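J.: Produce the entire structure from the sequences given, and follow the hints as far as they go.
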Amino acid sequence: MTANIGNSAGVVINDLNLSFGETHVLKGVNLSIEAGEFFAFLGPSGSGKSTLLRAIAGFGPRPTGRILIDGEDIADQPPWKRNVGMVFQSYALWPHMTVHKNVAFGLEERGVPAPEIKRRVDAVLDMVGLIDLAERRPSQLSGGQQQRIALARTVVVEPKVLLLDEPLSNLDANLRVQMRREIRDLQKELRLTTIFVTHDQEEANTTSDRMAVLDEGVIQQVGAPVELYDKPSNLFVANFLGSANVLQGKMSVGKDRKCKFQSENGVAINLGAQPPNEGAVVFRPQNVRISKAGTNCKAGNVQFQGTVGHMEFHGNIVRYGVDVSGHLILIDETHQRGSVLFDIGASVDLQVKQGQIMVVPGH
Amino acid sequence: MKTSTLTAFSSVERGPAIAGLMIAVFLLLFLIVPVGQVIFVAFQDPNTGAFTLINFADFFGNSLFVESFFNSFYVASMSVIVASIIAMPLAYFTTRFNFSGALLIQTLGIIPLIMPPFVGAVAMQLLFGSNGSINLLLEEHLGFTIPFMEGLNGVILVESVHYFPFILINLSAALNNIDRAMEESAQNLGAHGTRLFRRIVFPLAMPGYVAGAALVFIKVFDDLGTPLLLNINNMLAPQAYLRISSIGIADPMGYVISVILVGFSLLSLWISLLALKDKDYATVQKGGGGLMRRDLRTWEKVGCYGVVILILLLVLSPHIGLTLLSFGTVWSFAVIPDGFTFDHYTTVFDTASQYITNTLLYAGIAALLDVVLATSIAYIVWRTKLVGRKWLDYGATAALAVPGVVLGIGYLRTYHSFDVPIINEPLASWWVIIVIAMTIRRLPYALRACVAAIQQVSVMLEEAAENLGATKGRTVWRIVVPLMSGGILAGFVTSFATASVELSATIMLVAKDSDAPLAFGIYEFMQSTSGRGPGAALGIIAVLFVGIGTYFSHVIIERSKKLRESNSIVAEGGTT
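The listed protein sequences derive, respectively, from chains A and B.
Under our numbering, residue 363 is the last one in the first sequence; the count climbs by one each step, no gaps.
Under our numbering, residue 939 is the last one in the second sequence; the count climbs by one each step, no gaps.
Hints were generated in silico from the structure; no laboratory data involved.
A hint or two may mislead.
Stated by the list, open to error - In silico SDA-like pairs for lysine to any residue, Cα to Cα no more than 20 Å straight-line: (1) B/K582 to B/L637; (2) B/K640 to A/M97; (3) A/K101 to B/R558.
Bear in mind that the values here come from a model prediction, so they are computed numbers and not experimental data.
T.: Right, dumping it as structure tokens:
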């Protein structure tokens, strides 16, 4: 086994800017990734997340700014000198070489003696469970097997950092869940600093220690998945990490020093203590309780009245869309066997705990 | 009897079954039987009719034939090497660098193909021959000459300049199809420079190169016109032609040579198939295809343009030479002709217009037959479940492996004593046999165009028509054929353009001058020094035919490609 590879390194990115011709793709990126951390770049397509990853590997146009690995600025080094391992989205397994040859390639380029190459290739193939397929060609492997070989080919050279460019996007849904667990296990076993690019928030949430959310070439927020979900720093992050009810409006502080929010359509919400910043009111669908009209409002809750506009049965939850003074409020109700669903057009009361209401800057 | 066997087919498949049967009979009569006949005669004792290898023993016992064999092999191999030397830098420049001359290189890849090699051969002689323009200049200014066109060198030079695009096109496509991630992942693992090229880029591009090289080899190996026009007779194809035309169709040597030509054709096709088999390296992914390109430094740019312009001049030399020859008065021992005139064109239109009208008629009918056959075969193979349908495809494609001279000999042998009813003339000397030869020889190309076209027609579009009440026949007529029209038209134009300059089969089949097409006319004119001017004029007309044809086929293909793209946008966009 090649466990406990000890040369894992931290990555620091300072004021990185990158353009494709006239198009400014990365705009002043600053990041610090700890050694041994599993870090995700999350963002929609075109957000610059893959470009940032490729810049760390040394591909694409030369950026300005600094990329430090283990304290050493590698921005001027060619890709083959950097020793950052990258797993490509397409896997990029060379079709004219066997699995064994593919995996041995990087070691051969590093001038490792033949017996050691054999030992290390066998060990890594054993680790990914594909030692029996060593003499096959990539075209004879399934998608999941190709993915494992691509991973093996990269980690066998003991890179300082492992870069994964949407590694699960070519796999079907079941395999994706299994592979992300395997990747996470492998990363823990090797204690390898890993950067993972994805546009899927569930993938980022389930695998990463911390993540950076990117949009339009700018890092929107960095933090642990729960922190970003519960304390989004702007509306983009709030929306990108999951369904959210967003109400735009005005805030005012009364004589009792309590803060009130008045939405554009006139829905009033008592926020209690004044929030640290101005912004929109945001709460998640699963934090809203739905009940028949005329229900008493519990202390510490905010209540709205509305009518059911649509209803979707998802199995584990029932999602209602309720019209509250022209705002569409989404509610996710956990489904219990035998429970009676609300009909479309029914008058309902909605309650949200004050503590679940976030005030998020942005429009 | 036919109808009783056809009741076995469901009524839905009866139409395609009848068409398939007719095509099969056509291929049998004009491809399988004649070629089979040639092979049969090669193994037959001329006196007793028994099976024998004595003809092959005679062949290899004859020093002229052995020399011809090695010469053909040498010329074909050297042509591959010279063509590679021309094609490789061009492919490298366009795929590796941000080279502004890429359009120039693409043009370079088409110019040679619009002129049959034998047409340019005489012009090349005048430019590069021992008394040609280049050597006269060299002699005068530098005091030495280069034997570009001496003996076999001439054939090699003419063939290389003509056929290098096959390597250029295949190699460029192979390089462009390499997923950039293939190269990046190697860099990521520590490889770069020549090691990266040797271990990743070169092996991935190899199948494309081998396919192109095998094609060049076989085209040169089989070519009859170029050696004949350069007066090189000690090669296989000219020997086959000369034996049959001078000694007669009973002489077994022509058949032995034919078998050898077919054997090498099959070998080359097999090698190129083997090279491409299981190596579909076209792995272009989202990241964008093609290798990493970099900008050229100034001195590199100068070097690149230098090489490209040198090759451009070489590639254009047959065209330049032919144009000069067609307008020149006397051109002998001079860098350029003594004076210029339109007389040769007048001569051609006054005395040789039948060559042009014959060609329009023959190539027109042949191209029409080709697309009808090809569309039917494509439909039968891809849309029906008829038993043995694949064999129609194989049969039609097999014509690729049959050199024109072999087909010509096969027709002469099989049909010289078969009199066509009413006109009471042997089929082998009736002009229609020339049309059939053209049809058979161009069918594989038309078939590929039509197969590509039908593969792009979604079966669902046909099912929708049937769902709305259209019968199979009506669906084919109203949905399939219109949607395939781009491919069919491109197939027609390509077949027409290339059939109009076919020489190696027609040269064997032209019975009288009044039946002869353009290519034969050029050959006839070029035999005498006084005929070279009109011959060149006729050659220019041939080049215009092919050039205009190629241009239109390009336009048609591009237009239908655009149409398809806009269609798919409409389909995705729903009602917009």
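J.: Each of the hints needs a verdict: does it hold here or not?
T.: Hint check:
A hinted pair counts as satisfied when its Cα atoms are at most 20 Å apart, and B/K582 with B/L637 qualifies at roughly 18 Å. Distance hint between B/K640 and A/M97 is fulfilled; the C-alpha atoms sit about 15 Å from each other, no more than 20 Å. Annotation: proposed proximity of A/K101 to B/R558 holds, straight-line Cα distance about 15 Å (limit 20 Å).
The earlier numbered hints are all upheld by this structure, with none contradicted.
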